[in-house]
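The sequence shown begins at 1 in our numbering and counts up by one.
Since the hints were made in silico from the structure, they are not lab data.
One or more of the hints may lead you astray.
[As the list claims (entries may be wrong)] Only pairs whose alpha carbons sit at most 35 Å apart, straight line, appear in this in silico DSBU-like list of lysine-lysine:
1) Lys69 x Lys37
2) Lys174 x Lys208
3) Lys37 x Lys208
4) Lys208 x Lys117
5) Lys69 x Lys117
6) Lys174 x Lys117
7) Lys69 x Lys9
8) Lys117 x Lys9
9) Lys37 x Lys9
10) Lys208 x Lys69
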Amino acid sequence: MNVHSISTKCTRTEFVGTAVLDTIGLVISGVDDTLLKEMNIGTHYHTLGLFSSRTGAAGQITAVDDAVKATGTEVLSIEFPRDTKGWGGHGNYIVIGGNDVSDVRHAISLALELTNKYAGELYISESGHLEFAFSANAGGALAMAFNAVPGEAFGFMAGSPAAIGLVMADTAMKASAVHITRYMTPSVGTSHSNEVILAISGDASAVKEAVLQARQTGLELLIGMGSYPEIPGEPYL
1 MNVHSISTKC TRTEFVGTAV LDTIGLVISG VDDTLLKEMN IGTHYHTLGL
51 FSSRTGAAGQ ITAVDDAVKA TGTEVLSIEF PRDTKGWGGH GNYIVIGGND
101 VSDVRHAISL ALELTNKYAG ELYISESGHL EFAFSANAGG ALAMAFNAVP
151 GEAFGFMAGS PAAIGLVMAD TAMKASAVHI TRYMTPSVGT SHSNEVILAI
201 SGDASAVKEA VLQARQTGLE LLIGMGSYPE IPGEPYL
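The task is simple: from the sequences and hints, build the whole structure.
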């Protein structure tokens, strides 16, 4: 097969679009029944939305969380592939379900749009990376991935190398009265990635302040390793 005869402008019905961080959104309108059983996501929905990237996790999951809340869809599974194109963290693989193809497609399209926004809190340098996220009202996707409390504010921070992540986590906990919903390390809760992750919940102003303090600390430490990070978007916090 001559791959150069295939257009880079995909016209397949499954294709919804792409976003930064090598993120792709797809829809299957009638998934094969035998395959669906093997996927271990339940068999209630036959229309699936697929959301996957090579870099970033919290930003895309926050985007999916917002998209699902705005549509009649449901998060069915979230996985963290060991990827990040050689960096210290993950990519992501998310499956959502719905009864209406247009609703699922709209959810994936919205998640792609929001990913371009939330990618503004990913900082990548030659030495490592930092990722942050904030939601004033956590929903099902954040609850599934990080044990976020639905309806409460949610904050996320990840630092690589892992030692930076732990200092950021300590900074965040000392900055505000927040609750830990999940703590992840290279051998606990991650795909053996070189990072420490902290997810928190609580009052919106307290959670946001904790994330901002962690971000400041993390950036100072990462830059102290010798290079300035690139940001694949505009910081939004």
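The hints, checked one at a time:
1. Lys69 x Lys37: Holds: lysine 69 and lysine 37 sit about 26 Å apart, inside 35 Å.
2. Lys174 x Lys208: holds, 13 Å
3. Lys37 x Lys208: violated, 40 Å
4. Lys208 x Lys117: Given that 35 Å is the threshold and the Cα spacing comes to 17 Å, the pair holds.
5. Lys69 x Lys117: holds, 17 Å
6. Lys174 x Lys117: Holds, because 28 Å separates the two Cα atoms, which is no more than 35 Å.
7. Lys69 x Lys9: holds, 30 Å
8. Lys117 x Lys9: holds, 23 Å
9. Lys37 x Lys9: The hint holds at about 32 Å.
10. Lys208 x Lys69: Status holds; Cα separation ~21 Å.
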